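Protein chains: 2
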Amino acid sequence: MLKVLLSIFLVLVVVISIMGRTQKATVKKEKRVPQTLSKGWGDQLIWAQTYEEALFWARSKNKPLMVIFHLDDCPHSQALKKAFAEDEKIQKIADENFILLNLVHETTDKHLSPDGIYVPRILFVDPSMTVRADITGRYSNRKYAYEPSDIKICKFKLLA
Amino acid sequence: MLKVLLSIFLVLVVVISIMGRTQKATVKKEKRVPQTLSKGWGDQLIWAQTYEEALFWARSKNKPLMVIFHLDDCPHSQALKKAFAEDEKIQKIADENFILLNLVHETTDKHLSPDGIYVPRILFVDPSMTVRADITGRYSNRKYAYEPSDIKICKFKLLA
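So the protein lines, in turn, are chains A and B. The working numbering applies: residue 1 is where the first sequence begins, and numbers increase by one. The working numbering applies: residue 161 is where the second sequence begins, and numbers increase by one.
Keep in mind the hints are simulated off the structure, nothing from the lab. In this text the structure is predicted, and so the values were computed from the model without any measurement. Do not take every clue at face value.
[As the list claims (entries may be wrong)] Sample of chain B residues with no beta-carbon within 10 Å of chain A, all distances over it, derived: (1) PRO194; (2) THR196; (3) GLU248; (4) ASP275; (5) SER288; (6) MET289; (7) VAL291; (8) GLY297; (9) ARG298; (10) ALA305; (11) GLU307.
[Claimed, not checked] Keeping only pairs whose Cα atoms sit at most 25 Å apart, straight-line, the calculated DSS-like set for lysine-lysine is: (12) A:LYS39 / B:LYS270; (13) B:LYS223 / A:LYS31; (14) A:LYS92 / A:LYS31; (15) B:LYS191 / A:LYS92; (16) A:LYS31 / B:LYS242; (17) A:LYS110 / B:LYS270; (18) A:LYS61 / A:LYS31; (19) B:LYS221 / B:LYS252; (20) A:LYS89 / B:LYS191; (21) B:LYS191 / B:LYS221; (22) A:LYS92 / A:LYS82; (23) B:LYS199 / A:LYS31; (24) B:LYS191 / A:LYS82; (25) A:LYS39 / A:LYS61; (26) A:LYS31 / B:LYS221; (27) B:LYS199 / B:LYS242; (28) A:LYS152 / A:LYS89; (29) B:LYS252 / B:LYS312; (30) B:LYS303 / A:LYS39; (31) A:LYS31 / B:LYS249; (32) B:LYS252 / A:LYS31; (33) B:LYS199 / B:LYS312; (34) B:LYS191 / A:LYS63; (35) B:LYS191 / A:LYS61; (36) A:LYS39 / B:LYS221; (37) B:LYS270 / B:LYS199; (38) B:LYS199 / B:LYS249; (39) A:LYS61 / B:LYS221; (40) A:LYS92 / A:LYS39.
Just so it is clear, CB atoms sit at the ideal spot from N, CA and C, and this is done for glycine as well.
Based on the provided sequences and hints, a complete structural model is requested.
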């Protein structure tokens with residue numbers, strides 16, 4: 001009995017070690033998916049890379065800038081991203097009327113965090129370079145936070 | 161004769177107008193290719209999006225940062241990009257040893273333009289956040305410019 005158990009154990013060890021090796025080889029060979037600037041917020045939209053670039057485009061195209069702060073591993077960011085990316089109307093409005101920037105890191109400009117640093121948070125900047133701290137969502141404690149159900153408010157704001 | 165010419169002209173007008181319409185429809189339907197963070201400098205590499213993000217990664221991973229300033233419509237940038245992206249060894253060295261950032265817009269940090277603003281230009285930053293103005297290419301007038309043939313110098317610098 002002990003002999004049988006021992007051989008089963010040995011076979012298991014060999015199988016697991018082979019599986020481990022195969023997996024390692026696969027991981028090493030696996031090609032990385034190129035990172036996109038949209039990060040899932042709309043592949044068909046044109047995104048600025050940095051705040052400086054976004055300000056340049058806002059000024060030169062005379063369009064307001066929309067800055068979305070988010071994090072990959074934040075469920076609230078993910079939910080808002082899904083709603084934003086899947087809403088065709090909001091994608092169209094964003095594409096036609098705004099310079100767009102999404103960031104997973106804060107900038108050095110304190111004007112972009114009027115009531116602190118949190119995600120998701122959306123700030124608008126005028127083509128004249130003024131951060132529009134007066135454009136807020138519907139939460140008094142985190143003024144620039146939006147939820148998926150706020151997309152309609154957002155649409156209204158975008159068109160205002 | 162005039163009648164024949166007139167009908168040929170009319171047919172031509174109709175054909176051109178139909179072709180025009182088809183072309184317009186195609187342009188409108190055409191999907192945009194999602195912008196990548198690599199912008200052609202190596203899709204398999206991991207790129208930081210902004211200087212702030214790159215500095216954060218350099219500090220937390222204790223790796224030096226390589227900042228490439230370039231422009232899409234600059235032939236010198238294009239040539240350097242091609243050499244950089246196609247050189248497997250340099251891609252491997254860059255991937256394993258550096259935090260990487262490529263920018264088509266200047267940052268607000270003057271330390272990144274020690275001898276002025278031009279492209280292509282490569283600057284290195286220590287994990288301690290010091291811009292290494294001492295790491296230069298082989299041109300005395302534009303110290304941080306590199307040409308495709310300098311890739312070997314670059315390799316040496318990357319390994320130093």
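Consistency of the hints with the structure:
1. With a cut of 10 Å on Cβ distances, PRO194 (chain B) falls inside the contact zone with chain A, its closest approach being about 4 Å.
2. Not every beta carbon of chain A lies more than 10 Å from that of THR196 (chain B), the smallest distance being close to 5 Å; the non-interface claim is violated.
3. Distance check for GLU248 (chain B) against chain A: the nearest CB is about 14 Å away, which clears 10 Å, and the non-interface claim stands.
4. Every CB of chain A is more than 10 Å from the CB of ASP275 (chain B) (nearest about 20 Å), matching its label as outside the interface.
5. Residue placement check: SER288 (chain B) keeps its beta carbon more than 10 Å from all beta carbons of chain A (closest about 18 Å).
6. Annotated as non-interface, MET289 (chain B) keeps its C-beta farther than 10 Å from every C-beta of chain A; the closest such distance is 13 Å.
7. Distance check on VAL291 (chain B): its Cβ is at least 16 Å (rounded) from any Cβ of chain A, clearing the 10 Å threshold; non-interface status holds.
8. Interface exclusion of GLY297 (chain B) from chain A stands, the closest Cβ pair being 24 Å apart, more than 10 Å.
9. Once the 10 Å rule is applied to beta carbons, ARG298 (chain B) is consistent with being away from chain A; the minimum gap is 29 Å.
10. Consistency note on ALA305 (chain B): stated as away from chain A, and its beta-carbon is indeed over 10 Å from all of that chain's, at 22 Å minimum.
11. Interface exclusion of GLU307 (chain B) from chain A stands, the closest Cβ pair being 25 Å apart, more than 10 Å.
12. Restraint check for LYS39 (chain A) and LYS270 (chain B): not satisfied, since their Cα atoms lie roughly 29 Å apart, outside the 25 Å limit.
13. The straight-line distance between the Cα atoms of LYS223 (chain B) and LYS31 (chain A) is roughly 23 Å, inside the 25 Å bound, and the hint therefore holds.
14. Note on LYS92 (chain A) and LYS31 (chain A): the hinted pairing is violated, with a Cα-Cα distance of about 32 Å set against a maximum of 25 Å.
15. Between LYS191 (chain B) and LYS92 (chain A) the CA atoms are separated by roughly 13 Å; this keeps the pair inside 25 Å, and the hint holds.
16. Under the criterion of a C-alpha separation no larger than 25 Å, the hint pairing LYS31 (chain A) with LYS242 (chain B) is consistent with the structure, at around 20 Å.
17. Proximity of LYS110 (chain A) to LYS270 (chain B) is assessed by CA-CA distance (about 19 Å); at most 25 Å being required, the pair is judged to hold.
18. Straight-line distance between C-alpha atoms of LYS61 (chain A) and LYS31 (chain A) comes to about 37 Å, which puts the hinted pair past the 25 Å bound.
19. Distance check on the hinted pair: LYS221 (chain B) and LYS252 (chain B) sit about 17 Å apart at the alpha-carbon level, within 25 Å; holds.
20. A C-alpha spacing of about 17 Å is found between LYS89 (chain A) and LYS191 (chain B), which places the hinted pair at or below 25 Å, so the restraint holds.
21. The hinted pair formed by LYS191 (chain B) and LYS221 (chain B) fails the criterion: a straight-line CA distance of about 37 Å is larger than 25 Å.
22. A threshold of 25 Å between alpha carbons decides the hint, and for LYS92 (chain A) with LYS82 (chain A) the separation of about 15 Å falls inside it, so the pair holds.
23. A distance of roughly 17 Å separates the Cα atoms of LYS199 (chain B) and LYS31 (chain A); the hinted pair therefore holds under the 25 Å criterion.
24. A hinted pair counts as satisfied when its Cα atoms are at most 25 Å apart, and LYS191 (chain B) with LYS82 (chain A) qualifies at roughly 20 Å.
25. Of the supplied pair hints, the one linking LYS39 (chain A) and LYS61 (chain A) holds, its CA atoms being roughly 23 Å apart against a limit of 25 Å.
26. For the hint pairing LYS31 (chain A) with LYS221 (chain B), the CA-to-CA distance comes to about 22 Å; that is within 25 Å, so the pair holds.
27. Note on LYS199 (chain B) and LYS242 (chain B): the hinted pairing holds, with a Cα-Cα distance of about 11 Å set against a maximum of 25 Å.
28. With a C-alpha separation of about 10 Å, the suggested pairing of LYS152 (chain A) with LYS89 (chain A) holds against the 25 Å cut-off.
29. Only pairs whose Cα atoms come within 25 Å are accepted, and LYS252 (chain B) paired with LYS312 (chain B) is accepted, the gap being roughly 14 Å.
30. Pair hint LYS303 (chain B) plus LYS39 (chain A) does not hold up; C-alpha atoms about 35 Å apart against a cutoff of 25 Å.
31. Straight-line distance between C-alpha atoms of LYS31 (chain A) and LYS249 (chain B) comes to about 17 Å, which keeps the hinted pair within the 25 Å bound.
32. Only pairs whose Cα atoms come within 25 Å are accepted, and LYS252 (chain B) paired with LYS31 (chain A) is accepted, the gap being roughly 14 Å.
33. For the hint pairing LYS199 (chain B) with LYS312 (chain B), the CA-to-CA distance comes to about 22 Å; that is within 25 Å, so the pair holds.
34. Taking the CA atoms of LYS191 (chain B) and LYS63 (chain A), the gap is near 23 Å; set against the 25 Å cutoff, the hint holds.
35. Of the pairs offered as hints, the one joining LYS191 (chain B) and LYS61 (chain A) holds, with about 22 Å between alpha carbons and a cut-off of 25 Å not exceeded.
36. The suggested pairing of LYS39 (chain A) with LYS221 (chain B) holds, with an alpha-carbon distance near 22 Å, which does not exceed 25 Å.
37. Between the alpha carbons of LYS270 (chain B) and LYS199 (chain B) the distance comes to roughly 24 Å, so the proposed pair stays at or under 25 Å and holds.
38. Only pairs whose Cα atoms come within 25 Å are accepted, and LYS199 (chain B) paired with LYS249 (chain B) is accepted, the gap being roughly 19 Å.
39. Restraint check: the Cα-Cα separation between LYS61 (chain A) and LYS221 (chain B) comes to about 38 Å, which exceeds 25 Å; the hinted pair is violated.
40. A C-alpha spacing of about 18 Å is found between LYS92 (chain A) and LYS39 (chain A), which places the hinted pair at or below 25 Å, so the restraint holds.
Consistency with the previously given hints fails for numbers 1, 2, 12, 14, 18, 21, 30, 39, ordered from lowest to highest.
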